[in-house]
Every structure is written in C-alpha cells, then in structure tokens.
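So the sequences go chain by chain: R and X.
End of the first sequence sits at 117 in the working numbering; the numbers just go up one at a time, nothing left out.
End of the second sequence sits at 117 in the working numbering; the numbers just go up one at a time, nothing left out.
It is worth saying that the hints were derived from the structure and are not from the lab.
Please note: incorrect hints may appear among the correct ones.
Just so you know, same-sequence chains aren't split out, so a pair can sit in one copy or run between any two.
[Said to hold, decoys possible] Straight-line distance between alpha carbons at most 25 angstroms, and here's what the computed SDA-like set of lysine to any residue pairs gives:
| id | residue 1 | residue 2 |
| --- | --- | --- |
| 1 | Lys-108 | Glu-8 |
| 2 | Lys-113 | Thr-10 |
| 3 | Lys-49 | Leu-93 |
| 4 | Lys-113 | His-89 |
| 5 | Lys-108 | Glu-31 |
| 6 | Lys-104 | Glu-84 |
| 7 | Lys-75 | Thr-35 |
| 8 | Lys-75 | Ile-26 |
| 9 | Lys-75 | Ser-117 |
| 10 | Lys-49 | Ser-117 |
| 11 | Lys-113 | Gln-22 |
Residue-level listing of the chains:
2 protein chains.
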Amino acid sequence: MIIYEVTLEIDFEIIEEFQNWLIEHVNEMLATRCFTSAEIFTETPKLLPADGANSRDSNHLNQSKAVVIHYKVGSESDLNEYFLRHASRLRAPAVRQFGAKFRAKRRVLKLGLS
Amino acid sequence: MIIYEVTLEIDFEIIEEFQNWLIEHVNEMLATRCFTSAEIFTETPKLLPADGANSRDSNHLNQSKAVVIHYKVGSESDLNEYFLRHASRLRAPAVRQFGAKFRAKRRVLKLGLS
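The whole structure should be built from the sequences, with the hints applied where relevant.
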C-alpha cells in the first residue's frame, strides 16, 4: 500500500477560501483515477505536549494551519501517471489563486520497512 | 479518527539495528492499549519527481532514511494517557542506544477540516 501524502501549510487569512478550493481539488484528484481514496486531516498541535520535538515552530503555529491529505495509491505506475499527466494542471490553480499564502510538502510512503 | 504520526530519520550506519528496535518498540506502543493499530511506512523519495517541493533536502537523502509510523488513536484521552504515562519510558531506550543518529518528529492528525 502506498500513500501519497501532501502537507499544506495555509495562512489563516486565506483559510476559508482555501479549504473550499481544497475539497473541490481532492475530488478532481480522485477523478484522475490515479488514487483509490483520499482522507483529509487537520494537524492539531494542541494535542501534542510541548516537548521541542514537534514538526513546526511556534511562529508558524500562530500564523497558519496545516492540513494533511493522504491519497491512497493502487500502484507505482498509477502514481507515475498522476505526476506525468495530471500534477501540473491540478496544482496550478491554487498557485495562481493563493500565491505564497500556502506552502506544500509532499512525501510518498510505502507500507513496510524496505 | 486520530493518527499519531511519528517520522524517524535514521542514519544509514544504524539502520538495521534501529529497524530491529523499531519493530519491538511498535509492539510495546500497542501494548499500552492507547492505540488501536499501527502501520510502518518507508518514505520513498525516488517515487517523487524532483520538483523542489519535497520534504527533505538531498543531503539528508544521502545519509539517512525516513520511516513514518501511523498510530491510530481511539480518543483524545487515550492519546493524553500515552503522553502522560508512557511516552518518556518508551522513548528513552532509543535515545540511549542510538543518540543523535536518529531524529524524531511528531504530529497529531485529526480526520476532517476543523
């Protein structure tokens, strides 16, 4: 099982508009048929003790919110097809609309210790 | 649904020993009964195009490997209990054994846009 994980750090000033875009965007991602399902999570730093080993510093926490999407991928070739045929097209509108007011980080996670 | 996510960046020189410890560790985590299940993933940067929006820089990729564990949490109070009663005890052995040869980052992910 493979998860294509996208972490979006979203400035508070655009949060509502961005989340509306995101729901639409996840549907478009699924419509490519490169992913079998998707789950949207909100990072909740308040549930983590402040022990200095957290992912984001407190400056970021005061200005932005992080949303994490797990796209389940059926196979490596489905994921490749997404990058080759769909990624640029599906990412462009958010960059046009929100500019530097959000940041994206991406990871591919494969089940197991390889 | 809540995921307690731990990302471990592990230097190659300790990788085998560390992974043996990790399998044992995940079992000990589950034995606390604070989590309902756990999945271990390996980050596979080779499946991601090199477009400058990835989570780790290439220096890190040459010296270390990232492993991500998703611990499913039944409730916020189960997670609190883990932090209060178990976290220090379960984390200490790896710090003693591997020192600075691994780094941990932690996030709590809550299903949905909150």
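Now the hints, each set against the structure:
1. In the homo-oligomer, the alpha carbons of Lys-108 and Glu-8 lie at most 25 angstroms apart both inside one protomer (8 angstroms) and across protomers (16 angstroms), since each shortest distance falls under that limit.
2. Taking the shortest alpha-carbon separations for Lys-113 and Thr-10, both the intra-copy value of 17 angstroms and the inter-copy value of 13 angstroms come in at or below 25 angstroms.
3. For the homomeric pair Lys-49 and Leu-93, the shortest alpha-carbon distance between copies (21 angstroms) is at most 25 angstroms, but the shortest distance inside one copy (32 angstroms) is not.
4. Taking the shortest alpha-carbon separations for Lys-113 and His-89, only the intra-copy value of 21 angstroms comes in at or below 25 angstroms, while the best inter-copy value is 28 angstroms.
5. Proximity of Lys-108 to Glu-31 under the C-alpha cut-off of 25 angstroms is restricted to the intra-copy arrangement: shortest distance 19 angstroms within a copy versus 31 angstroms between copies.
6. Within a single copy, Lys-104 and Glu-84 get their C-alpha atoms no closer than 28 angstroms, and across copies no closer than 36 angstroms, so neither meets the 25 angstroms cut-off.
7. For the identical chains of this complex, Lys-75 and Thr-35 are intra-copy neighbours only, at 13 angstroms inside a copy versus 28 angstroms across copies, given an alpha-carbon limit of 25 angstroms.
8. Proximity of Lys-75 to Ile-26 under the C-alpha cut-off of 25 angstroms is found in both arrangements, the shortest distances being 16 angstroms within a copy and 24 angstroms between copies.
9. In this assembly of identical chains, Lys-75 and Ser-117 lie within 25 angstroms of each other by CA distance both inside one copy and across copies; the values are 18 angstroms within and 22 angstroms between.
10. Only between protomers do Lys-49 and Ser-117 lie at most 25 angstroms apart by alpha-carbon distance; the minimum there is 13 angstroms, versus 33 angstroms within a single protomer.
11. With identical chains, the CA atoms of Lys-113 and Gln-22 are at most 25 angstroms apart between copies only, with a shortest distance of 15 angstroms across copies and 27 angstroms within one.
In terms of the numbered hints stated before, the structure departs from hint 6 and from no other.
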